[in-house]
Amino acid sequence: MTFLDKHKDEIAEILSRYPVKRSALIPLLYVAQHDQGYVSESAMQEIARLLGLTPPQVYETVTFYTMFNLKPVGKFHIQVCKSLMCALIGSDTMIGWIKTKLGIAPGESTADGLFTLSAVECLAACGTGPMMQINEDYYERVTEDKLDHILADLRSTGTSALKSGPFMWPEPVNSKE
Amino acid sequence: MPQHELILLKNMMQPGYTGSLQDYEKAGGYQALRNTLGKIAPADVTAIVRKSGLRGRGGAGFPTGVKWGFLPKDYQGPRYLCCNADESEPGTFKDRQLMERDPHQVLEGILLACYAIGAESAYIYIRGEMVLGSKILEQAIREARTGGYIGKNILGTGIHADVWVHRGAGAYICGEETALLESLEGKRGLPRIKPPFPATHGLYNKPTVVNNVETLANLPHIMNRGAEWFAAIGSPPKSTGTRVFCVSGHVKRPGNYEVPMGVTVRELVYEHAGGMRSDKPLKAFIPGGASAPFLTPAHLDVKLDFEHVATAGSMLGSGGVTVMEEGTSMVWAALRLMEFFYHESCGKCSPCREGSSWLVQTLRRILAKRGRMQDLETLLDLCKNIAGRTVCAFGDAEVAPIQSTLKHWRQEYVDLIHEAEAANLIRPEPARTT
Amino acid sequence: MSDTTAPMVRISIDGMTVNVPKGTLVIEAARRVGVMIPHFCYHPKLKPDANCRMCLVEVEKMPKLQTACSTPVDEGMSVRTATTVVNDAHRSVLEFILANHPLDCPVCDQGGKCDLQDFSHQYTATSRFVETKRVFQKEYFSPLIETQMNRCVQCLRCVRYCDEVMDVKALAPVGRGTMTEIKHFGPHPLDCEFCGGCVQICPVGAITSRLSMYEYRPWMLKRADTICGYCGDGCQMTVHTKGKELIEVNSAHGAGRNNGDLCARGFFGFHATSHPERLTHPLIRRNGKLVQTTWEEALEHVADRINGIKTAHGGTSVGGLISGRCTNEELYLFQKFLRVAVGTNHIDSSARYGHVNGLHAMRLVQGTHRWTVTFDDILGADVLLLVGTNITETNPITGLKVKEAVKKRRATLITIESLEPVIGTISNIATLSHHHFRTAPSDIPTAVLGLLKAVVDQNLIQPNVTQQHVAYVGAVTNALQNISWQDIQTTTGMAPEAFMQAAKVLAGGRRVVVLAGQLLLRSERGYGGSLTLLDLLLLTGKLDQPGCGFAPLAEENNDQGAVEMGAVAEFLPGVCSVTNQTDRDRIKQQWSGDFPLDVGASLVEMLDRAKAGSLKAMFIVGENPVGSLPASLRAEDALRKLDLLVCQELFLTETAALAHIVLPAASSLEKSGTFTNTEGHVQAVRPSTDPIGESQPDWEVFSALSILLGSPMEYAESKEILKEIRSVIPGYGSLGPTPLPPKVDRVTMDRYLTEGYQHDLAARYRLVIPKSRPDGTLRLDLVQSLFHSGKFSTRSKGLLQIEDKGRLRINPVDAARFALVDGDRVRLSSTAGEMTTEVKLVERVPQGTAWFPDHFGQAAVRLFDCAIDPITHAPSLRTATVSMMRVA
Ligand SMILES: Cc1cc2nc3c(=O)[nH]c(=O)nc-3n(C[C@H](O)[C@H](O)[C@H](O)COP(=O)(O)O)c2cc1C
Ligand code: SF4
Ligand code: FES
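Protein chains in written order, with numbering that gives the first Met the number 0: chain A, 0 to 176; chain B, 0 to 433; chain C, 0 to 887.
Source of the hints: derived by calculation from the structure; they are not laboratory data.
A virtual CB, placed ideally from N, CA and C, is assigned to each residue, including glycine.
Treat the hints with care, as some may be off.
One-sided and incomplete, this derived list gives chain B residues near chain C with beta-carbon spacing under 8 Å [stated by the list, open to error]:
(1) 200
(2) 203
(3) 204
(4) 205
(5) 387
As a list, the in silico EDC-like pairs of lysine to aspartate or glutamate whose alpha-carbon atoms are at most 16 Å apart [stated by the list, open to error]:
(6) B:368 with C:774
(7) B:186 with C:716
(8) A:20 with B:43
(9) B:72 with B:43
(10) B:134 with A:143
(11) B:134 with A:136
DEER-style ranges, computed between Cβ atoms [said to hold, decoys possible]:
(12) C:656 with A:19: 53 to 61 Å
(13) A:9 with C:826: 57 to 65 Å
(14) B:21 with A:3: 32 to 40 Å
(15) A:3 with C:77: 55 to 63 Å
(16) C:59 with B:134: 26 to 34 Å
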């Protein structure tokens with residue numbers, strides 16, 4: 000079954016949002032990436048066909064954006080923000096911790112295929128750095144201790160309760176006064 | 000600390016506030032929509048917003064009501080509203096809070112804007128990484144649809160407006176409004192040549208307004224309490240209302256602080272954000288996100304409003320205030336930001352594309368103590384040749400860190416180069432001609 | 000493109016005042032006063048993208064420098080292009096662009112014609128860049144096109160051309176920022192139309208042709224502007240040679256009717272001329288074998304035999320067939336030679352295969368033998384109707400005009416074609432269509448009837464026509480009323496509403512152009528279908544309106560010229576009837592020679608006569624009836640019966656192999672003359688190399704033979720023949736830059752409306768209900784391929800690298816049904832014969848259908864039956880039903 004068939008309803012809903020089909024491209028690429036962990040060539044071809052595009056048109060779009068992987072990545076994709084604001088408060092140190100704990104530098108994956116590490120640009124959490132995103136979740140105000148917990152959680156349960164909920168920081172300070 | 004009334008962050012600061020439709024309604028939410036739709040003519044809504052003095056919170060600070068007024072009056076076809084929730088400017092994280100903690104406030108703003116400009120479709124272009132935010136917004140849209148605020152025949156007024164969340168996929172440039180439109184059309188996010196402006200040729204070539212999340216979140220309050228009320232807040236007449244400043248860096252309590260425009264940096268940093276994290280003095284700060292030139296302690300009493308920050312040689316931009324303590328290397332700081340710009344340059348314009356890689360490499364070399372004195376002149380020259388010569392304002396933004404650090408802390412560059420020369424790591428030689 | 004109706008504004012450029020239409024781009028306005036503003040990304044064919052930032056200029060009252068390529072002029076604007084500020088800006092942009100450029104000019108084929116090189120020179124630009132340069136991994140791109148992405152300046156002209164002009168969208172800018180690289184799809188080599196546009200439009204050496212890699216520097220080359228010999232579009236191209244070697248072909252922006260655009264055949268197909276199998280010496284049959292001989296001997300032999308046959312059986316026992324690929328001068332002299340020196344009217348040309356159908360229809364209805372519209376009218380049309388033309392593959396450049404009209408100028412496109420509107424590696428006109436009627440080729444006339452019926456049913460007939468031509472309108476209406484929507488729907492598969500909508504669009508259009516292609520023109524109903532299309536234009540009142548008209552597309556490059564030169568049985572030069580006494584007398588006098596009175600035999604009749612023994616000799620010039628006619632015509636048997644067969648050819652074709660004498664002919668790259676393209680524009684052909692071996696331009700052969708036959712037709716050069724043509728057809732081809740089309744002749748039109756229509760109206764307005772095909776069979780169509788045209792192209796090494804053999808194109812669904820995958824071999828059989836071939840899965844082929852490319856068609860032709868049009872004598876292939884079986 001093609002991935003389009005597999006996600007028929009979701010895709011129909013996505014298409015219904017836009018008056019011009021090509022707008023559905025990025026949302027459909029997400030569906031594809033979600034399905035397989037990366038955007039495969041056949042997925043790009045299927046999407047091109049569905050949207051009335053040529054495969055190169057899909058390809059040029061895919062490669063413009065950093066969030067699409069053209070190759071499989073680790074089960075947990077750790078993305079540490081390395082922009083100035085986080086760097087001021089220790090993101091480089093945090094990358095160092097991960098390097099020691101998992102033995103991988105940015106751009107590398109662990110041998111067991113569990114973790115991939117990337118250093119990325121600002122993720123809009125500068126007030127709560129150092130921070131990282133693992134797959135879809137943010138982890139903020141990361142300390143070495145917290146990092147250990149997170150990695151252990153991910154290994155054992157695939158998720159961690161330490162991930163951020165809706166934006167909280169700083170604690171409602173104005174109201175306290 | 001002086002007590003300011005919170006407007007945008009007010010609800011979410013209430014203990015127990017979840018941001019659900021119920022909570023929002025309880026806090027008086029959607030009253031503005033009820034009182035506006037079908038009751039005040041769309042043109043009058045625009046007039047009220049114009050009168051409030053509300054200016055865009057996305058970076059450029061363009062007066063919102065004026066922007067709306069550029070839409071063609073007699074055009075019959077579809078019009079679009081795009082809510083710019085791309086928030087990718089390093090140092091900025093306010094839109095994320097507004098969306099995740101009080102999504103209905105944003106939605107109400109979007110609906111009011113749709114009404115004012117006659118749009119029946121609105122897309123919230125949210126940066127791809129904010130998965131949680133997009134889920135929260137989608138949930139809120141479902142609630143609002145059930146509540147009759149979104150969809151066909153809103154609140155029985157015969158007015159339609161649909162709102163969708165559209166996730167970006169990792170590209171800072173898609174915050175630039177025309178790149179955002181390209182991206183929303185499923186293309187590479189390359190900024191368009193302007194004119195024509197989105198007001199006439201926007202999404203799908205149709206009249207379109209792009210507004211920032213925070214800009215839109217202000218609308219329910221303006222409609223509820225009137226243009227005069229809003230216009231009196233802050234630093235009238237040109238910088239009205241509050242700003243949600245995002246304070247980051249070496250402070251005790253980094254985070255978002257909503258204060259009227261015109262408070263000083265000193266007040267923001269030392270009173271709201273709790274002062275410097277260690278007791279080292281403040282060395283430098285950026286007042287408006289990565290694109291804003293660095294300022295020095297001499298500017299601590301500059302009022303944070305559009306005009307005063309501009310006069311001080313920087314810009315209010317997106318409201319991201321990043322603070323650096325004594326001991327921070329300014330060359331290093333400039334490089335970190337320059338790496339960001341290099342990574343994010345879309346590549347359309349030759350000066351920006353080639354310049355950003357050139358600047359990064361040169362800064363790296365200087366920091367690695369392999370610089371030469373003539374590098375400084377080259378750096379400044381390159382910056383001059385990029386700024387103002389590109390399709391979008393990214394070109395102006397990317398040179399800000401280098402230009403401003405070279406202006407205020409040139410000696411740090413010189414010292415590094417002297418070290419290089421002393422170590423004789425590279426012999427001064429004439430620039431290679433190619 | 001500036002609007003010609005825009006008001007003029009007055010602006011100043013570097014102090015010079017110029018008046019230009021409002022909205023003209025500053026860069027173009029500057030060009031008018033001779034100021035060249037440096038640029039990379041701008042190209043007049045493309046929408047401004049303003050990405051290179053090279054064209055910055057000062058505009059008064061604007062604080063920042065503006066890009067001249069994207070700034071439209073406005074009244075009173077004052078522009079400065081040469082101030083210190085502007086110069087510094089240009090130099091700085093060059094410095095940026097040079098930063099990552101490898102400066103490998105010594106090994107770059109663009110060296111000497113490179114914009115970056117030129118501007119660097121002009122600005123003595125250097126770069127202070129001392130950092131590490133960006134390096135892209137070298138990747139294989141395609142057999143014909145080479146990329147060297149380190150040289151790319153990222154102006155995206157290639158990508159934009161491929162999308163905006165060609166509508167192919169095969170090129171992708173991949174990645175972002177400095178790392179943006181032009182690729183195809185993933186790691187795949189390029190698969191596209193291979194129009195060469197990206198090679199032509201790249202301002203630097205990032206995309207170059209592999210056919211001439213490392214072989215030349217521009218200043219070593221000799222150039223000749225000539226006309227492409229591959230199809231009726233008649234593109235102007237420049238052939239570059241180094242000594243005797245063909246190096247490359249390109250076309251300058253703005254050149255010719257093609258405006259500098261070419262297709263794969265034009266751009267990559269030129270090597271056919273220098274193919275090793277070219278005939279280099281005359282051949283004579285001795286003891287059953289063709290052996291080399293001298294020109295003297297060959298020509299004397301021919302003259303002797305013709306004289307003998309003439310004496311014994313009369314001139315009319317000789318016939319001639321010539322290709323529509325010859326020049327006008329050759330076509331003219333061929334027929335004059337046969338008529339006067341030999342004394343026969345049995346003359347035909349490849350125009351018979353289909354072109355005559357459209358032409359006869361135009362003559363009957365509007366009294367012209369040419370289009371009443373030009374390419375410019377296609378561009379200016381607001382409604383375009385394309386009937387039976389996969390235009391991208393048959394007439395690619397006319398196709399570009401259609402694309403431009405639809406994409407840039409918002410014309411509405413109606414298509415009646417068998418193409419599925421699926422996007423593939425080459426562009427598909429059906430995907431641009433607003434009203435696509437997907438019909439089997441044999442049902443195209445039915446779909447046209449559907450449109451007419453919708454016109455009548457919705458009362459869209461122009462009131463004047465209704466009032467003035469009651470009988471005509473009545474007859475058409477009656478005929479259409481006898482056709483039921485039900486039958487139209489079952490035959491075409493299209494609902495009545497679709498016809499109703501399209502008919503409304505057609506009738507509502509102000510400038511309507513109808514283009515008809517081979518699928519209609521070469522079919523059994525090619526003539527009738529053309530007439531019906533003319534009826535459609537008549538009824539809606541468009542036919543004689545400016546900007547409107549019927550445009551049958553010529554297949555061979557000079558089919559139009561062949562008819563106009565009288566190289567067909569029924570016409571004398573100027574498309575005068577052979578039997579018209581006034582014309583005969585005039586031409587007889589001009590020629591000072593008489594010729595037979597009766598209409599000659601057409602190709603099929605000649606073959607019949609040869610079989611019957613009354614035709615004894617034939618001259619066949621550049622045609623290969625044995626290879627291209629259906630088996631049922633038994634061309635080979637017929638030719639074998641002849642006492643004398645003379646072939647003038649480039650290669651030893653199946654037909655030439657049967658000849659008694661084979662004379663080596665010069666190709667169109669080796670001679671002078673003129674070609675008349677599909678829109679009736681006469682254009683100069685100029686030699687770019689010397690004839691190969693002893694080959695001779697065809698006209699010189701006719702001339703030599705005429706002397707030997709005692710009716711000397713001597714000319715010093717082909718220009719003298721053109722002069723004579725002009726005395727017979729006044730004003731023929733006064734080589735202007737744009738054609739002036741003839742107007743509809745009202746007298747003829749009125750005659751048609753009062754009586755002319757009656758002749759075969761009933762036959763034309765009768766629905767042909769297709770017989771149902773037995774389960775498990777396919778219908779076979781011969782179609783054209785973009786990459787080939789005539790046997791010539793299959794000898795071009797460039798084109799063979801794109802398509803090296805005929806493959807049967809079938810729909811993937813059918814492939815699944817027959818359990819076939821790409822590349823499987825199959826045997827096809829019909830009642831007429833069988834063949835074995837390889838399959839290729841192509842989505843645009845409709846289900847239940849199989850397409851075989853015409854120009855690899857020798858084997859496939861055998862599977863078809865043949866039909867002959869009673870009026871135009873055009874032979875056509877009947878629909879073939881075939882069964883298909885996989886073979887090992
Ligand atoms: C390079 C660049 C990045 C931008 N990023 C953002 C962004 O992330 N969010 C945003 O709201 N505006 C951003 N802007 C500003 C937008 O172009 C636009 O001015 C804004 O969305 C208009 O909304 P406003 O008038 O409500 O501020 C960016 C501009 C530039 C030049
Ligand atoms: S200035 Fe930079 S980011 Fe903006 S369009 Fe040009 S290349 Fe892209
Ligand atoms: S030619 Fe104007 S920006 Fe490239």
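Going through the hints against the structure:
| no. | hint | verdict |
| --- | --- | --- |
| 1 | 200 | violated (13 Å) |
| 2 | 203 | violated (15 Å) |
| 3 | 204 | violated (12 Å) |
| 4 | 205 | violated (16 Å) |
| 5 | 387 | holds (5 Å) |
| 6 | B:368 with C:774 | violated (80 Å) |
| 7 | B:186 with C:716 | violated (58 Å) |
| 8 | A:20 with B:43 | violated (35 Å) |
| 9 | B:72 with B:43 | holds (13 Å) |
| 10 | B:134 with A:143 | violated (29 Å) |
| 11 | B:134 with A:136 | holds (12 Å) |
| 12 | C:656 with A:19: 53 to 61 Å | holds (58 Å) |
| 13 | A:9 with C:826: 57 to 65 Å | violated (45 Å) |
| 14 | B:21 with A:3: 32 to 40 Å | holds (38 Å) |
| 15 | A:3 with C:77: 55 to 63 Å | holds (57 Å) |
| 16 | C:59 with B:134: 26 to 34 Å | violated (53 Å) |
Comparing the model with each earlier hint shows violations of hints 1, 2, 3, 4, 6, 7, 8, 10, 13 and 16; every other hint is respected.
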